[in-house]
Amino acid sequence: MALLELRDISKHFGAIEALRGVDLDLERGEVVGLMGDNGAGKSTLVKCIAGNFRPSTGEIRLDGEVQHFHKPADARERGIEVVYQDLALCNNLTAAENVFLGREPKKSYGPFKFLDYAQMYTRSGEIFAELKSETRPRDLVKRMSGGQRQAVAIARTRLKDAKVVLMDEPTAAISVRQVKEVLDLILRLRDKGMAVVLISHRMPDVFTVCDRVVVMRRGTKVADKAIADSSPEEVTGLITGAIRAA
Amino acid sequence: MADSTQHSATVQDFARIDEVTALKERTIAQKVFASQPFWVTIALILICLIMNWVEPTFLTSGNLYNITRNFAFIGIMALGMTAVILTGGIDLSVGSVMGLVGVVCGLLLQAESHWAVAVLAGLATGALAGAVNGVLIAYLRLPPFVVTLGMLSVARSLAVVLSQNKMIYEFGPYADQFNWIGGGQILGISNPVWMLVLLTALFGLVFNFSAWGRYLYAIGGNENAARLTGVPVDRIKLQAYVAAGLTAAIAAVMIVGWQGSAINALGTGYELRVIASTVIGGANLMGGEGGAYGAFVGAALIEVIRNALLMAGVDSNWQGTFVGAFIVLAVLLERIRGKKSD
Numbered sequence: 003m004a005l006l007e008l009r010d011i012s013k014h015f016g017a018i019e020a021l022r023g024v025d026l027d028l029e030r031g032e033v034v035g036l037m038g039d040n041g042a043g044k045s046t047l048v049k050c051i052a053g054n055f056r057p058s059t060g061e062i063r064l065d066g067e068v069q070h071f072h073k074p075a076d077a078r079e080r081g082i083e084v085v086y087q088d089l090a091l092c093n094n095l096t097a098a099e100n101v102f103l104g105r106e107p108k109k110s111y112g113p114f115k116f117l118d119y120a121q122m123y124t125r126s127g128e129i130f131a132e133l134k135s136e137t138r139p140r141d142l143v144k145r146m147s148g149g150q151r152q153a154v155a156i157a158r159t160r161l162k163d164a165k166v167v168l169m170d171e172p173t174a175a176i177s178v179r180q181v182k183e184v185l186d187l188i189l190r191l192r193d194k195g196m197a198v199v200l201i202s203h204r205m206p207d208v209f210t211v212c213d214r215v216v217v218m219r220r221g222t223k224v225a226d227k228a229i230a231d232s233s234p235e236e237v238t239g240l241i242t243g244a245i246r247a248a
Numbered sequence: 012m013a014d015s016t017q018h019s020a021t022v023q024d025f026a027r028i029d030e031v032t033a034l035k036e037r038t039i040a041q042k043v044f045a046s047q048p049f050w051v052t053i054a055l056i057l058i059c060l061i062m063n064w065v066e067p068t069f070l071t072s073g074n075l076y077n078i079t080r081n082f083a084f085i086g087i088m089a090l091g092m093t094a095v096i097l098t099g100g101i102d103l104s105v106g107s108v109m110g111l112v113g114v115v116c117g118l119l120l121q122a123e124s125h126w127a128v129a130v131l132a133g134l135a136t137g138a139l140a141g142a143v144n145g146v147l148i149a150y151l152r153l154p155p156f157v158v159t160l161g162m163l164s165v166a167r168s169l170a171v172v173l174s175q176n177k178m179i180y181e182f183g184p185y186a187d188q189f190n191w192i193g194g195g196q197i198l199g200i201s202n203p204v205w206m207l208v209l210l211t212a213l214f215g216l217v218f219n220f221s222a223w224g225r226y227l228y229a230i231g232g233n234e235n236a237a238r239l240t241g242v243p244v245d246r247i248k249l250q251a252y253v254a255a256g257l258t259a260a261i262a263a264v265m266i267v268g269w270q271g272s273a274i275n276a277l278g279t280g281y282e283l284r285v286i287a288s289t290v291i292g293g294a295n296l297m298g299g300e301g302g303a304y305g306a307f308v309g310a311a312l313i314e315v316i317r318n319a320l321l322m323a324g325v326d327s328n329w330q331g332t333f334v335g336a337f338i339v340l341a342v343l344l345e346r347i348r349g350k351k352s353d
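Residue numbers (our numbering), protein chains in the order written: chain A, 3 to 248; chain B, 12 to 353.
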């Protein structure tokens, strides 16, 4: 049984069919590249998994159980984390504060509850060390490189043991050297037994870290195969429609 | 530089946890030197010393008593304003809300109500005005500028209507108790100043050590990010405007008690002095930056300069010019500092 199973997922927005009958299985410890042109339905699919959208039809099963996510918090509660394209970071806060944003540890003093900074610094320091990132918990995010910012966003997924991590274009806006850093982070998540979905336009990234590639075109899945059995040329053909399906 | 990092990476795969957490990009001293409130404090001390040299009556206890009391009212309001500005909002209605609260208190006292009733009704009025602002801004997503500009007009008009455009000065049987709250003193320091110090400590604590405070900064830094990570953005924003309304009400209760009368023009133009205080104290009008001590010291600086000008014989009608110029200058400074740190 796969960790996450999508069965016949469709999503309409009025007359527009963003997704049509998509099936997808994710296994533990697997990195799946999700590729496709703009408007192919990648983001819609991810948003259905993450609880931003409810699919019009179809079923999402996590560990064999059917899920009905009404909001992103529901999905997160069940172990599905998203690293957003714009990273969703607050520049004016420190790395640790960003990692814990929305779920801060607190210490009680009588009736008052104060933030437990010590725990926030220690725990986020542990996570950065585990991710082998040079990010420091007390640094302000606005002073960080693109790779460090990615590490902060990814560190959020390590607070609780996530099962599925969805990453939306994590390497779109960073330098070449930092891309390697981010790809390493993805591999570390995989080594922890998580299933990672990597949405990317960058062929080399997908062929470097992914075990499997899924190609979407016009709301349907046109390919789902092991990286070893595919090639960048084939995937390009699938994305543009030069190859109809594989 | 690149060589040394590579070298250490090969020797030790990654840093120990305590090394990572103990590393600070900037030391505390560096942080203090980079902070606006610190430099405003220095400026404040310098101006006081210079004034005392020019005019030896400046640092007498009498004049200090007056100066501190004068900026206490503005400072109290500036604390609530800081909460709003941290979220990236603005509250232009605090001066009018002050006027309305003053009239409400005055009318109740005139009707021989207990002083506690008058105080509570005043605070409730301020909180309610803030809540109306907050609901319109947070839940109906109207721009803060428009909403609070509307409230500026509404609250002032209500104050005029309720007071029938008359001054209220017959405070009934509880006049002495009520007037003591704002007009009295403890240990030689006026009550509004105590209140300001107390509230500054309270707001400082809340801004820095509570989740609510951190959320204010998060919303100002990146509202969308705060929403995505599960921060209850709308509720926090509403509460920030309620805080602004409440601090305006606290200042109103105290200023009415100090003056021993309530007029519906009370607090006219105060919104600008309050906003100027927060901005001078380092708050960023774009949100996400600012603090309680900054509001305190910003209010103090404006009042000391105003007092200095009065003592130097400058016509008090110039005040508005200085406050206006101060806001623009402070924002300009912020812009320059922002460019440097990028």
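Note that these hints are calculated values from the structure, not bench results.
Incorrect hints may have been included.
SDA-like mimics (lysine to any residue), calculated; alpha carbons at most 20 angstroms apart, straight line [unchecked claim]:
| hint | chain 1 | residue 1 | chain 2 | residue 2 |
| --- | --- | --- | --- | --- |
| 1 | A | K144 | A | V181 |
| 2 | A | K115 | B | N219 |
| 3 | A | K115 | B | K177 |
| 4 | B | K42 | B | R346 |
| 5 | A | K109 | B | G215 |
| 6 | A | K134 | A | R190 |
| 7 | A | K144 | B | N235 |
| 8 | A | K144 | B | G215 |
| 9 | A | K108 | B | N202 |
| 10 | B | K177 | B | T279 |
| 11 | A | K144 | B | K177 |
| 12 | A | K109 | B | L239 |
| 13 | A | K109 | B | K42 |
| 14 | A | K162 | A | R80 |
| 15 | A | K227 | A | R56 |
| 16 | A | K194 | A | L5 |
| 17 | A | K73 | B | R238 |
| 18 | A | K144 | B | L213 |
| 19 | A | K162 | A | R56 |
| 20 | A | K144 | B | M297 |
| 21 | A | K182 | A | E32 |
| 22 | B | K42 | A | R140 |
| 23 | A | K73 | B | E300 |
| 24 | A | K73 | A | N93 |
| 25 | A | K73 | A | R56 |
| 26 | A | K162 | B | L239 |
| 27 | A | K144 | B | N219 |
| 28 | A | K73 | B | N219 |
| 29 | A | K108 | B | F220 |
| 30 | A | K73 | B | L209 |
| 31 | B | K42 | B | I347 |
| 32 | A | K115 | B | F220 |
| 33 | A | K73 | B | K177 |
| 34 | A | K144 | B | R246 |
| 35 | A | K162 | B | S46 |
From a predicted model like this one, the values you see are computed outputs, not experimental measurements.
- prompt: Which of the numbered hints are not met once you compare them with the structure shown?
  reply: Structure breaks hints 3, 8, 9, 11, 12, 13, 15, 18, 19, 23, 24, 28, 30, 33, 34 and 35.
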